[in-house]
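K.L.:
These protein sequence lines are chains V and C, in that order.
Taken in order, the first sequence gives residues 1 to 201; the numbers are from this note's numbering.
Taken in order, the second sequence gives residues 202 to 461; the numbers are from this note's numbering.
It is possible that some hints are incorrect.
As the list claims (entries may be wrong) - Derived Cβ-Cβ restraints for the label pairs, each shown as a range: (1) 86(V) <-> 340(C): 24 to 34 Å; (2) 169(V) <-> 221(C): 26 to 36 Å; (3) 305(C) <-> 67(V): 38 to 48 Å; (4) 71(V) <-> 445(C): 46 to 56 Å; (5) 458(C) <-> 99(V): 52 to 62 Å; (6) 453(C) <-> 86(V): 33 to 43 Å; (7) 59(V) <-> 451(C): 58 to 68 Å; (8) 454(C) <-> 60(V): 27 to 37 Å; (9) 305(C) <-> 101(V): 15 to 25 Å; (10) 99(V) <-> 461(C): 51 to 61 Å; (11) 161(V) <-> 218(C): 35 to 45 Å; (12) 364(C) <-> 101(V): 39 to 49 Å.
Claimed, not checked - So, partial list: chain C residues that the calculated Cβ filter (under 7 Å) puts toward chain V: (13) 211; (14) 218; (15) 229; (16) 285; (17) 326; (18) 363; (19) 389; (20) 391.
Stated by the list, open to error - From the derived model, a few chain V residues whose C-beta atoms are all more than 12 Å from chain C: (21) 46; (22) 92; (23) 146.
Worth flagging that the hints you see were computed from the coordinates, not collected in a lab.
As the structure is a computational prediction, the values presented were derived from the model and not from experiment.
A virtual CB, placed ideally from N, CA and C, is assigned to each residue, including glycine.
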Amino acid sequence: MRRILPALVALLVGSVVLLDYFLENPVLNAAGRFLLEGAIVLAAFALLLGLWNLLLVHERQIRRREPGWPASVVILLSTGASLALGLAGWGSEALTWFYRFVLFPLEASAGALLAFVAVSAAARAWRLSSLEGGVMLAVGAIVLVGTLAPQGAALTALGPLRDWIVSVPAMAAVRGLLLGVALGIMATGLRVLLWIDRPYE
Amino acid sequence: MNLLRLLWESTSITVEGLAALVALLVFGALILALTLRARLVRPFTVRPLAAAERVRGVLGRAMETGEPLHVALGIGGLGDVSTADTLAGLALVSFLADRGALAEVPVRVRLAQPTALVGALATLQRGAEGAGYPEAYDPVQAAFVAPVPLAYAAGTAEALRSEPPVANAMVGAFGAEVLLPAQAGGDQPQTVQVGGTSDPSVLPLLLVTTDSLLAGEEIYALGAALGRADHTGSLAAQDLARALLVLAIVLGAVLALVIA
């Protein structure tokens with residue numbers, strides 16, 4: 001029963017939501033909407049589990065003085081602070097200040113780092129001198145220069161080459177990839193519906 | 202009976218919707234038939250995936266050194282648009298949880314969505330129980346880092362620096378932020394890095410930062426490549442469907458040329 005009941009619920013819920021996507025029927029549409037809203041509520045409960053897990057992981061790290069434990073102290077303190085600000089009221093001045101002057105600048109700083117990390121990764125690929133890495137860097141350089149070259153400069157001749165690369169070989173490769181990905185996603189979903197995979201057990 | 206008739210009469214479907222539903226049902230029937238064939242007769246042969254072979258190969262070193270294996274499941278969850286990618290990552294977690302419990306190799310999983318945490322914890326527990334060592338399961342093996350992509354990436358990168366793993370597998374849904382953990386893992390000389398995602402814009406980033414790449418649909422073949430016999434059936438169905446689609450595209454192109 002412990003194995004069959006979750007499988008039956010998954011099959012029923014999955015079938016209703018799937019049919020609701022294809023068919024127009026007031027009863028089916030209402031059932032589908034109800035189930036999707038239920039999934040959102042369940043996901044909210046999962047957030048509580050996430051918070052509990054965060055506390056467990058970092059409490060243990062601090063208690064055992066594992067490498068990087070000072071960062072765990074900062075994480076727990078900032079989690080507590082943002083939770084307190086959030087509970088004080090959504091849209092409160094303090095919460096807005098926290099988002100505007102703490103969270104967004106931190107995210108922007110981390111995002112800005114990505115450009116440097118990307119260049120470093122590209123340099124590493126060049127050093128490894130693999131054929132794929134070399135081709136990718138050459139194509140990337142053509143596309144970059146073809147896009148950024150100012151009007152009238154000699155390098156604008158790369159513009160048509162850049163357009164051809166983006167619209168013919170790159171587009172063909174992406175479409176081929178997406179075709180396989182779409183089939184893979186469908187197969188993964190159908191495996192769950194057909195009881196071949198049971199991730200909920 | 203009247204109720205069923207009323208339901209039937211109040212139901213409608215577009216021609217495109219009907220075609221898609223029929224295609225889905227045929228594909229489902231194909232998956233079911235080929236999975237039964239793989240289970241009852243013989244599993245289909247799967248082309249070896251370099252990334253899966255690397256993960257297998259590194260298990261022995263992890264057993265010798267006792268260093269952990271790390272899986273970054275990415276920014277996707279279960280129940281959202283990236284569910285299939287997260288399930289692909291969980292197939293790897295399942296394999297490692299089973300082997301890790303047998304060989305006393307610690308497995309660490311880091312993720313960004315609480316729904317993925319539920320799946321990861323269940324997979325790790327099932328792996329330990331399946332291996333006959335339920336005590337090997339530890340609820341902090343899977344860690345919810347942060348729900349924001351960049352914060353998740355920064356937290357995972359920091360964890361990879363403070364506890365360098367013998368292998369770092371990044372399989373799931375990722376954006377450009379994957380560069381942070383990939384760079385951190387790449388800085389550790391002993392860490393073998395494997396990456397896989399379905400987003401074509403992220404694949405070049407993983408190509409230059411990992412030792413082995415699962416490109417696009419290959420992540421959905423990971424379960425079969427790691428020995429799940431029942432997954433080989435759906436993989437064969439995917440191959441068949443892809444061949445039919447390619448044939449239809451080529452025929453369509455030829456017909457369009459002829460008509461023009």
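K.L.:
Next step is simple, just say for each hint if it's right about the structure.
P.N.:
Evaluation of the provided hints:
Separated by about 25 Å at the C-beta atoms, residue 86(V) and residue 340(C) satisfy the suggested range of 24 to 34 Å. For residue 169(V) paired with residue 221(C), a C-beta distance near 30 Å keeps the hint of 26 to 36 Å intact. Between residue 305(C) and residue 67(V) the Cβ separation comes to about 21 Å, which falls outside the hinted range of 38 to 48 Å. For the pair residue 71(V) and residue 445(C), the supplied restraint of 46 to 56 Å holds, since their beta-carbon distance comes to about 52 Å.
Taken as a hint, the range 52 to 62 Å holds for the pair residue 458(C) and residue 99(V), whose Cβ atoms sit roughly 56 Å apart. For residue 453(C) paired with residue 86(V), a C-beta distance near 54 Å fails the hint of 33 to 43 Å. Our hint of 58 to 68 Å for residue 59(V) and residue 451(C) holds, since their Cβ atoms are close to 60 Å apart. At about 59 Å, the CB distance of residue 454(C) to residue 60(V) disagrees with the hint of 27 to 37 Å.
Restraint check, residue 305(C) to residue 101(V): a C-beta distance of roughly 47 Å breaks the suggested window 15 to 25 Å. The supplied range of 51 to 61 Å is met by residue 99(V) and residue 461(C), whose beta-carbon atoms lie about 56 Å from each other. Between residue 161(V) and residue 218(C) the C-beta distance comes to about 42 Å, which sits within the given range of 35 to 45 Å. Restraint check, residue 364(C) to residue 101(V): a C-beta distance of roughly 32 Å breaks the suggested window 39 to 49 Å.
Checking residue 211(C) against chain V by beta carbon gives a least distance of about 6 Å; that is within 7 Å, so the hint holds. Proximity of residue 218(C) to chain V holds as hinted, the smallest CB-CB distance being about 5 Å (cut-off 7 Å). Given hint, residue 229(C) at the interface with chain V, holds; its Cβ is 5 Å from that chain's nearest Cβ, closer than 7 Å. Interface hint at residue 285(C): satisfied, since its Cβ lies 4 Å from the closest Cβ of chain V, which is below the 7 Å cut-off.
Interface restraint check: residue 326(C) against chain V, minimum CB-CB distance 10 Å, threshold 7 Å, status violated. Given the 7 Å rule on beta carbons, the hint for residue 363(C) holds: about 4 Å separates it from the nearest Cβ of chain V. For residue 389(C), the shortest C-beta to C-beta distance to chain V is roughly 13 Å, which exceeds 7 Å, and the interface hint is violated. With a cut of 7 Å, the hint placing residue 391(C) at the interface with chain V is violated, because the nearest CB-to-CB distance is about 16 Å.
With a minimum CB-CB distance of about 4 Å to chain C, residue 46(V) fails to clear the 12 Å threshold, and the non-interface call is violated. The Cβ of residue 92(V) sits about 20 Å from the closest Cβ of chain C, beyond the 12 Å cut-off, so the non-interface label holds. With 12 Å as the threshold on Cβ separation, the claim that residue 146(V) sits away from chain C holds: the shortest Cβ distance comes to roughly 17 Å.
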